[in-house]
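Here is what each chain is made of, one letter per residue.
Protein chains: 2
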Amino acid sequence: MKREILLNLKNSPLEYISGEHLSTVLGVSRTAIWKVINELKKEGYVIESSSKKGYRLSSTSDVLNSFEISQELKTKTLGRNIVYLDSVDSTNNYAKKAALEGCEEGTLVVADNQTCGRGRLGREWNSPDKKGVWMSLVLRPEISFDEVQIITLAASVAVVQALYEVAQIEAGIKWPNDIIINGKKVCGILVEMNMEIDRINFLVLGIGLNVNQEKEDFSQELLDRAISLKMYMDQNANNQKILKRNEIIATILLKFEEIYDKVKCRAFEDIITEWKRYSVTLGKEVNITHKSKQYRGVAQDITKDGKLIVKCVNGSVIEVFSGEVSVRGLLGYS
Amino acid sequence: MKREILLNLKNSPLEYISGEHLSTVLGVSRTAIWKVINELKKEGYVIESSSKKGYRLSSTSDVLNSFEISQELKTKTLGRNIVYLDSVDSTNNYAKKAALEGCEEGTLVVADNQTCGRGRLGREWNSPDKKGVWMSLVLRPEISFDEVQIITLAASVAVVQALYEVAQIEAGIKWPNDIIINGKKVCGILVEMNMEIDRINFLVLGIGLNVNQEKEDFSQELLDRAISLKMYMDQNANNQKILKRNEIIATILLKFEEIYDKVKCRAFEDIITEWKRYSVTLGKEVNITHKSKQYRGVAQDITKDGKLIVKCVNGSVIEVFSGEVSVRGLLGYS
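As they're listed, the protein sequences go chains A and B. Letter 77 of the first sequence, counting from 1, is numbered 1047 in my numbering, and no numbers are missing. Letter 312 of the second sequence, counting from 1, is numbered 1282 in my numbering, and no numbers are missing.
Hints are supplied without guarantee of correctness; some may be wrong.
Covered stretches of chain B (chain A as the covering partner; in silico rule of three or more C-beta atoms under 8 Å from a C-beta of chain A) [said to hold, decoys possible]:
#1 1035 to 1046
#2 1064 to 1075
#3 1182 to 1196
#4 1235 to 1241
#5 1286 to 1293
Don't read these hints as lab results, they were simulated from the structure. These numbers were taken from a predicted model, which means no experiment stands behind them. Heads up, the beta-carbon is just placed ideally off N, CA and C, and yes, glycines get one too.
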């Protein structure tokens, strides 16, 4: 019945619906309606009540749960199995365990809060409660380890496209796995693999996207390098869209599904072409640390399996599969 | 008290110990002793009882559990945390989950029975109840994906050395991951990884060793390719040693710890040298399938990170990181 009431409220975003009407339509007492409304409020829904007019769901509600995501979802297969958690150590960790238990491809794990969110190389990733999209997707593509970077690139493209669709924000991609707005990181992508030497058993694609953080939510050090969608939109007063994490998640999944189909039919070059449109790495001066060696040069291009081609200052040209990359002009590297 | 009684019985392998003596030493009633003896029998211990003489632990007992393994264990760190399971889908799967929960390096998962034992590439691995050593070890070495084959080679050396120490059996190693007796497979090794693109988070080293199977335990098809330690020893009547899985496991761990120390200090070439002593691959005709390509030639050598160097019939020399390898003379390839 909770969902029925919620759907009724959603279908009437502007008008109040009276308790009496709900009571008649659903065939339950007005007290029962009142109890459910209170439960919904506890779950985080902002519901305006008026003893005369009834109830109205505020457009400011941003409640994350499987039902809300499903309502927004337009994908064929991704996210059709959703695990929502109030709080978890890390959605990637949870997804890896679910994958070991045999969960289906496209299983989505999403949480309001991560207590041990992580970025690449075990680094901490701040994931404050209800402030961002902390999500992981279980994938079982038939690709080899050499090709796995294409998943990071494909996911980067999907996030950039989703941000444009949801809020007309033009973000860029810093190789290999950061999404950039105004020279600062708004989103990180972490692909983890479960492998044998011969094959990938499954992948977990983790996406951490800063949405509702205010300046105060970041440490001074992070403020130089990190941004949230809300902070960016507050700076651009003409963009007053209210951000809904469910809508963002559903849009990322839809965009990713489109490009993941290209991974599956091995159209890697199409993905690279898309990726280049959003790159804020190519043509830039870069500084790369890999296995304690340093390389400095200009990022020239990217190979079809996602390696960065760098022309070094000493004239040599190298292909970089992974490593620490600083791009001049981004994240405080000037 | 169960352990106390067991230790008393173990300390007197030839002589019977009277219930009265145990009752006095442990300060409990003879009925209590009798109950515990029955429990031990249920757990699989073979205890000879005589109303006149008392109890004696038969040397044929081969009961697998954490206590028994610990009793045999001479390692510094490996196997100091033991998970014993009557039955499990796959010890590798269990170990991967334990590793995600943060278990310590060297955690050992061992089971009497695997319901979904697996070899490389998802192939079934027969793991009948109490017939073999089905074990997995959680490792967190600082090596890269390119180097991970060294773990398989190191484990192969450890198993061969353990079989010699426990039962004076001279086994050989077929690249990359099979242990061979009389041209047939007695043991398979499966290394699985949890990785990011930049690093290995942890490895699980799975070892499946056929111990007590009789001919009847194998299908006709497997009989041509597989063997157990017992089957081999029955053919060689001069070797009448009773096989104890606990002793085998403890010996494998000890031998592996010695060679794993070499992995940790990056003495890969020492491992390769050891490996070559036991190789039944080098110098042989091989047939290799990798990514649906076929190569035929002679296995010439092995690189220091474990790739097989093959001189092909067309004169080219290739390095093989993984793949299907048939070696003439082994596993029915003639």
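Evaluated hints:
{"no.": "1", "hint": "1035 to 1046", "in the structure": "violated (count 0)"}
{"no.": "2", "hint": "1064 to 1075", "in the structure": "holds (count 3)"}
{"no.": "3", "hint": "1182 to 1196", "in the structure": "violated (count 0)"}
{"no.": "4", "hint": "1235 to 1241", "in the structure": "violated (count 0)"}
{"no.": "5", "hint": "1286 to 1293", "in the structure": "holds (count 3)"}
The structure does not agree with the numbered hints 1, 3, 4 stated previously, though it agrees with the rest.
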